[in-house]
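Residue numbers (the UniProt record's numbering), protein chains in the order written: chain A, 1 to 340; chain B, 1 to 340.
It is possible that part of the hints are untrue.
As the list claims (entries may be wrong) - Straight-line C-alpha distance at most 20 Å; calculated EDC-like pairs for lysine to aspartate or glutamate: (1) B:K302 x A:D210; (2) B:K302 x A:D283; (3) A:K302 x B:E289; (4) B:K295 x A:E215; (5) B:K240 x B:E289; (6) B:K302 x A:E289; (7) A:K295 x B:D283; (8) A:K248 x A:E185; (9) B:K336 x A:E185; (10) B:K336 x A:E215; (11) B:K295 x A:D283; (12) A:K336 x B:D287; (13) A:K295 x B:D210; (14) B:K258 x B:D120; (15) B:K258 x B:E188; (16) A:K336 x B:E215; (17) A:K336 x B:D210; (18) B:K295 x A:D287; (19) A:K295 x B:E156; (20) A:K295 x B:E289; (21) A:K336 x B:E289; (22) B:K336 x B:E319; (23) B:K258 x A:E185; (24) A:K295 x B:D287; (25) A:K302 x B:E156.
No wet-lab data here; the hints were simulated from the structure. Bear in mind that the values here come from a model prediction, so they are computed numbers and not experimental data.
As a plain string of letters, each chain reads:
There are 2 protein chains.
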Amino acid sequence: MAYRVLVWGLGAMGSGIARNIHSKLELKLVGGVEKKPEAVGKDIGEFLGIGNIGAKIYDDPEKAILETRPDLVVIATNSFVREVMEKIELAAINHVDVLTIAEEMAYPFYSHPEESTIIDNIARRYSISILGTGINPGFVLDLLIIAMTGACLNVERIEAKRINDLSPFGKTVMETQGVGTTPEEFEEGLKNGTIVGHIGFQQSIAMIADALGWELTKIEEIREPIISKTERKTAVAHVKPGMVAGCKHIGRGYINDKVVIELIHPQQILPQLEGVETGDYIDIYGDPEIHLSIKPEIPGGKGTIAVATNMIPYVIEAEPGFLTMADLPVPRTLLKDLGR
Amino acid sequence: MAYRVLVWGLGAMGSGIARNIHSKLELKLVGGVEKKPEAVGKDIGEFLGIGNIGAKIYDDPEKAILETRPDLVVIATNSFVREVMEKIELAAINHVDVLTIAEEMAYPFYSHPEESTIIDNIARRYSISILGTGINPGFVLDLLIIAMTGACLNVERIEAKRINDLSPFGKTVMETQGVGTTPEEFEEGLKNGTIVGHIGFQQSIAMIADALGWELTKIEEIREPIISKTERKTAVAHVKPGMVAGCKHIGRGYINDKVVIELIHPQQILPQLEGVETGDYIDIYGDPEIHLSIKPEIPGGKGTIAVATNMIPYVIEAEPGFLTMADLPVPRTLLKDLGR
């Protein structure tokens with residue numbers, strides 16, 4: 001008996017998750033929800049390029065839930081708590097568990113306390129489980145850090161970096177990271193909110209601090225342009241020397257005037273042109289010190305698709321509530337269905 | 001309200017765990033069990049060198065449990081399932097949860113299926129939780145590997161290495177690893193069971209395989225002498241060129257004739273004298289590939305003390321049963337009690 005899963009939102013991430021769900025023995029892809037006219041009414045397998053699988057794409061999410069009767073719905077439509085709350089409520093009143101890759105949902109208890117209380121109440125009232133996850137927030141710069149502190153007698157301070165290459169991504173990502181802008185345009189973009197950097201530092205920092213029982217007095221975020229010294233080109237971006245190759249985003253958690261958690265995430269195209277090696281790096285300063293690196297970094301797209309898919313059984317099997325990655329067992333790759 | 005913890009076995013690990021428990025806000029060290037005459041009847045704080053804490057060391061474990069009324073007992077007396085079973089039962093009939101660092105208890109379902117069933121039955125009958133853990137098995141070469149596969153769409157094969165330096169350890173460890181023997185004595189020691197290498201590969205490999213749903217057809221273990229090219233000396237060991245500096249222990253999990261899990265753990269004194277860098281290394285071959293390293297390795301003693309202590313609240317809060325690290329949330333450093 002495989003768990004029945006509906007995927008709401010069939011963009012790059014939602015489509016990847018749907019495809020991955022379909023490949024897994026423990027899971028059954030029972031349908032999709034998507035508004036794009038070219039998707040509505042189609043078989044979801046055909047839309048995903050894996051052949052007809054006898055499951056439909058709906059434009060009406062309620063109809064999708066009622067007809068496909070899923071155990072869980074994956075919501076892969078937005079990054080923000082306020083934009084997924086109504087969707088979560090729709091799943092809840094139909095008693096369907098929820099997993100979402102909306103970054104803010106990984107740990108909104110600090111950034112969105114009121115909404116978090118409402119979501120937790122919804123989970124308990126309708127006896128469903130809700131989890132926000134992904135590769136980051138959700139895994140590299142929070143869960144993995146927490147796990148490393150578990151091997152320490154004491155921890156004084158945490159530093160971690162995720163250095164990646166944005167080259168594979170499309171125009172939207174280039175715009176939100178300011179790739180190809182001039183330094184002046186970058187500053188302007190930060191001000192008017194078109195350049196956002198990474199979404200998730202407020203969440204990751206609060207998740208780590210709460211896990212360790214650290215009462216932070218401040219979380220700050222800094223976004224700096226990565227000014228290129230070289231010419232960098234991808235299919236959708238062109239950066240000349242002196243222009244912006246990406247956004248160096250820093251998040252810091254303070255206790256009084258001491259930085260106890262520092263997360264650094266410079267996102268740019270082709271960092272190797274300036275000798276920068278991509279990777280995930282975690283340094284725990286405590287007793288003992290732990291210095292972990294993953295080279296190259298766990299890729300963001302595949303990592304998010306994998307973590308989201310692999311957590312589905314744990315969410316379905318969990319007690320009701322608004323859960324976090326720090327509350328559940330670690331994900332493990334689900335077994336392939338060799339017949340698919 | 002701190003959780004009340006009794007520590008059974010006050011050797012190097014048990015004493016370290018007891019000291020660490022005492023330093024933590026969420027935990028209260030309520031006593032110890034130890035047969036050494038110089039310990040019995042003493043205040044455990046005085047025995048540990050941290051001053052009188054008003055908690056006693058008993059030689060009778062049942063009396064200790066009845067008088068100290070712990071929520072959980074840490075069993076740090078042995079490495080083997082058969083040697084801790086009776087102790088677990090004594091805790092169980094008194095409705096006390098158990099955490100043990102006996103290596104085989106980290107995952108004995110494959111190596112000791114009958115005993116595992118009995119232990120699980122005991123846990124359920126008396127409504128207690130039981131966990132076997134430590135740095136390895138329990139964390140580096142199993143839980144951390146499982147977590148890394150969680151960021152993969154698929155995994156084909158796993159290789160991992162834990163390269164450490166035995167120099168800080170005492171005579172017993174040198175003997176069980178064959179440090180300072182001749183190659184002939186090493187072979188003889190393997191045959192008569194005085195040289196054992198690492199305890200835990202059967203457990204770690206089975207834990208990984210079960211988490212991934214892999215049905216292994218064979219687990220094999222190989223122990224090879226590490227023949228020294230250089231002279232190596234510690235306080236308790238002296239290795240001349242041509243003699244044995246330690247034991248290279250390899251564990252392999254097969255599906256038919258394919259090695260799908262390979263764990264390598266060369267344990268020796270002063271590996272740096274021959275240019276060997278200590279560290280924990282995990283390579284996941286799948287989609288994506290993940291290459292993780294921790295340099296230097298997480299130290300075995302402190303790591304075991306930390307992981308064991310930090311898992312205590314999760315064991316107490318868990319549903320009854322014989323649990324594994326793959327069933328529970330990741331450990332995180334517990335907060336220091338600043339008053340202690």
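Do the hints match the structure? See the list:
{"no.": "1", "hint": "B:K302 x A:D210", "result": "23 Å, violated"}
{"no.": "2", "hint": "B:K302 x A:D283", "result": "17 Å, holds"}
{"no.": "3", "hint": "A:K302 x B:E289", "result": "11 Å, holds"}
{"no.": "4", "hint": "B:K295 x A:E215", "result": "30 Å, violated"}
{"no.": "5", "hint": "B:K240 x B:E289", "result": "40 Å, violated"}
{"no.": "6", "hint": "B:K302 x A:E289", "result": "11 Å, holds"}
{"no.": "7", "hint": "A:K295 x B:D283", "result": "10 Å, holds"}
{"no.": "8", "hint": "A:K248 x A:E185", "result": "15 Å, holds"}
{"no.": "9", "hint": "B:K336 x A:E185", "result": "47 Å, violated"}
{"no.": "10", "hint": "B:K336 x A:E215", "result": "13 Å, holds"}
{"no.": "11", "hint": "B:K295 x A:D283", "result": "10 Å, holds"}
{"no.": "12", "hint": "A:K336 x B:D287", "result": "12 Å, holds"}
{"no.": "13", "hint": "A:K295 x B:D210", "result": "27 Å, violated"}
{"no.": "14", "hint": "B:K258 x B:D120", "result": "32 Å, violated"}
{"no.": "15", "hint": "B:K258 x B:E188", "result": "30 Å, violated"}
{"no.": "16", "hint": "A:K336 x B:E215", "result": "13 Å, holds"}
{"no.": "17", "hint": "A:K336 x B:D210", "result": "14 Å, holds"}
{"no.": "18", "hint": "B:K295 x A:D287", "result": "15 Å, holds"}
{"no.": "19", "hint": "A:K295 x B:E156", "result": "19 Å, holds"}
{"no.": "20", "hint": "A:K295 x B:E289", "result": "10 Å, holds"}
{"no.": "21", "hint": "A:K336 x B:E289", "result": "17 Å, holds"}
{"no.": "22", "hint": "B:K336 x B:E319", "result": "26 Å, violated"}
{"no.": "23", "hint": "B:K258 x A:E185", "result": "56 Å, violated"}
{"no.": "24", "hint": "A:K295 x B:D287", "result": "15 Å, holds"}
{"no.": "25", "hint": "A:K302 x B:E156", "result": "16 Å, holds"}
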